[in-house]
Amino acid sequence: DTEVTQTPKHLVMGMTNKKSLKCEQHMGHRAMYWYKQKAKKPPELMFVYSYEKLSINESVPSRFSPECPNSSLLNLHLHALQPEDSALYLCASSQRERVNTGELFFGEGSRLTVL
Amino acid sequence: AQRVTQPEKLLSVFKGAPVELKCNYSYSGSPELFWYVQYSRQRLQLLLRHISRESIKGFTADLNKGETSFHLKKPFAQEEDSAMYYCALRRSGSSNTGKLIFGQGTTLQVKP
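For the record, the sequence lines run as chains A and B.
In case it helps, the working numbering puts the first sequence at residues 1 to 115.
In case it helps, the working numbering puts the second sequence at residues 1 to 112.
Some clues are possibly wrong.
Claimed, not checked - Result set (DSSO-like, lysine-lysine): computed pairs, CA atoms no more than 30 Å apart in a straight line:
| id | chain 1 | residue 1 | chain 2 | residue 2 |
| --- | --- | --- | --- | --- |
| 1 | B | Lys73 | A | Lys38 |
| 2 | B | Lys73 | B | Lys22 |
| 3 | B | Lys99 | B | Lys9 |
| 4 | A | Lys19 | B | Lys111 |
| 5 | A | Lys53 | A | Lys41 |
| 6 | A | Lys40 | A | Lys22 |
| 7 | A | Lys9 | B | Lys9 |
| 8 | A | Lys41 | B | Lys65 |
| 9 | B | Lys111 | A | Lys18 |
| 10 | B | Lys9 | A | Lys38 |
| 11 | B | Lys99 | A | Lys40 |
| 12 | B | Lys99 | A | Lys38 |
| 13 | A | Lys41 | B | Lys73 |
| 14 | B | Lys73 | A | Lys40 |
| 15 | B | Lys22 | B | Lys65 |
| 16 | A | Lys41 | A | Lys9 |
| 17 | B | Lys65 | B | Lys99 |
| 18 | B | Lys22 | A | Lys38 |
| 19 | A | Lys41 | A | Lys18 |
| 20 | B | Lys15 | B | Lys57 |
| 21 | A | Lys53 | B | Lys99 |
| 22 | B | Lys9 | A | Lys41 |
| 23 | A | Lys9 | B | Lys99 |
| 24 | A | Lys22 | B | Lys65 |
| 25 | B | Lys9 | B | Lys57 |
| 26 | B | Lys99 | A | Lys22 |
| 27 | B | Lys65 | A | Lys18 |
| 28 | B | Lys111 | A | Lys53 |
| 29 | B | Lys15 | A | Lys18 |
| 30 | B | Lys57 | B | Lys73 |
| 31 | A | Lys40 | A | Lys18 |
| 32 | A | Lys53 | A | Lys19 |
| 33 | A | Lys38 | A | Lys9 |
| 34 | B | Lys9 | B | Lys22 |
Since the hints were derived computationally from the structure, they do not count as laboratory data.
When you get a sec, could you build the whole thing from the sequences and use the hints?
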């Protein structure tokens, strides 16, 4: 299995809802990432997990809460989001965080709409 | 600060014409550079990395440290090359944090 799988593919939520995005990989990768991508813009890094520990938080608002329960899973918990948080959320993984030339494998993304 | 600049939002060429997608970067250290591609309705995927010095799908890219550039080239464009192309940079060596910084992207449109 050489894919990163994200669920759900689409999510619509109100500003008071709590929801989660899920990401799974079975490539034995020990680094996992959340990126946010707005329409016609490049992906922007949100979080990096390395060996299930949070390594980088790019000053993301606390209404986004990442979780890495094991080496294959990465969650992004969403609470009290704003309409401007509507975007495509991409999960990615790589063998290790700090290995040079490490390729990132991306999922197809979860398209989030906040009403 | 690290920055990646792709000056063209859209590059439109005819099939069989040469293609050059420009990428310039700013970083005082030693960077790793990549080209990622996103075809319509497909996930973002790695096309090339500078350290491999390989040709993928006929594309090549050479790191020019003097000009701080990493332009992507292909001598004869094909319609299936139409996609969004992102140049990306990461710090290498002991400064490597796993953080990949993307340029704004260039849409390549290859007309028949």
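Going down the list of hints, with the structure as the test:
{"no.": "1", "hint": "B:Lys73 <-> A:Lys38", "verdict": "holds (27 Å)"}
{"no.": "2", "hint": "B:Lys73 <-> B:Lys22", "verdict": "holds (9 Å)"}
{"no.": "3", "hint": "B:Lys99 <-> B:Lys9", "verdict": "holds (23 Å)"}
{"no.": "4", "hint": "A:Lys19 <-> B:Lys111", "verdict": "violated (43 Å)"}
{"no.": "5", "hint": "A:Lys53 <-> A:Lys41", "verdict": "holds (28 Å)"}
{"no.": "6", "hint": "A:Lys40 <-> A:Lys22", "verdict": "holds (24 Å)"}
{"no.": "7", "hint": "A:Lys9 <-> B:Lys9", "verdict": "holds (27 Å)"}
{"no.": "8", "hint": "A:Lys41 <-> B:Lys65", "verdict": "holds (26 Å)"}
{"no.": "9", "hint": "B:Lys111 <-> A:Lys18", "verdict": "violated (45 Å)"}
{"no.": "10", "hint": "B:Lys9 <-> A:Lys38", "verdict": "holds (15 Å)"}
{"no.": "11", "hint": "B:Lys99 <-> A:Lys40", "verdict": "holds (21 Å)"}
{"no.": "12", "hint": "B:Lys99 <-> A:Lys38", "verdict": "holds (18 Å)"}
{"no.": "13", "hint": "A:Lys41 <-> B:Lys73", "verdict": "holds (22 Å)"}
{"no.": "14", "hint": "B:Lys73 <-> A:Lys40", "verdict": "holds (23 Å)"}
{"no.": "15", "hint": "B:Lys22 <-> B:Lys65", "verdict": "holds (14 Å)"}
{"no.": "16", "hint": "A:Lys41 <-> A:Lys9", "verdict": "holds (19 Å)"}
{"no.": "17", "hint": "B:Lys65 <-> B:Lys99", "verdict": "holds (20 Å)"}
{"no.": "18", "hint": "B:Lys22 <-> A:Lys38", "verdict": "holds (22 Å)"}
{"no.": "19", "hint": "A:Lys41 <-> A:Lys18", "verdict": "holds (26 Å)"}
{"no.": "20", "hint": "B:Lys15 <-> B:Lys57", "verdict": "holds (15 Å)"}
{"no.": "21", "hint": "A:Lys53 <-> B:Lys99", "verdict": "holds (15 Å)"}
{"no.": "22", "hint": "B:Lys9 <-> A:Lys41", "verdict": "holds (10 Å)"}
{"no.": "23", "hint": "A:Lys9 <-> B:Lys99", "verdict": "holds (25 Å)"}
{"no.": "24", "hint": "A:Lys22 <-> B:Lys65", "verdict": "violated (40 Å)"}
{"no.": "25", "hint": "B:Lys9 <-> B:Lys57", "verdict": "holds (22 Å)"}
{"no.": "26", "hint": "B:Lys99 <-> A:Lys22", "verdict": "holds (21 Å)"}
{"no.": "27", "hint": "B:Lys65 <-> A:Lys18", "verdict": "violated (47 Å)"}
{"no.": "28", "hint": "B:Lys111 <-> A:Lys53", "verdict": "violated (47 Å)"}
{"no.": "29", "hint": "B:Lys15 <-> A:Lys18", "verdict": "violated (48 Å)"}
{"no.": "30", "hint": "B:Lys57 <-> B:Lys73", "verdict": "holds (11 Å)"}
{"no.": "31", "hint": "A:Lys40 <-> A:Lys18", "verdict": "holds (27 Å)"}
{"no.": "32", "hint": "A:Lys53 <-> A:Lys19", "verdict": "holds (22 Å)"}
{"no.": "33", "hint": "A:Lys38 <-> A:Lys9", "verdict": "holds (15 Å)"}
{"no.": "34", "hint": "B:Lys9 <-> B:Lys22", "verdict": "holds (10 Å)"}
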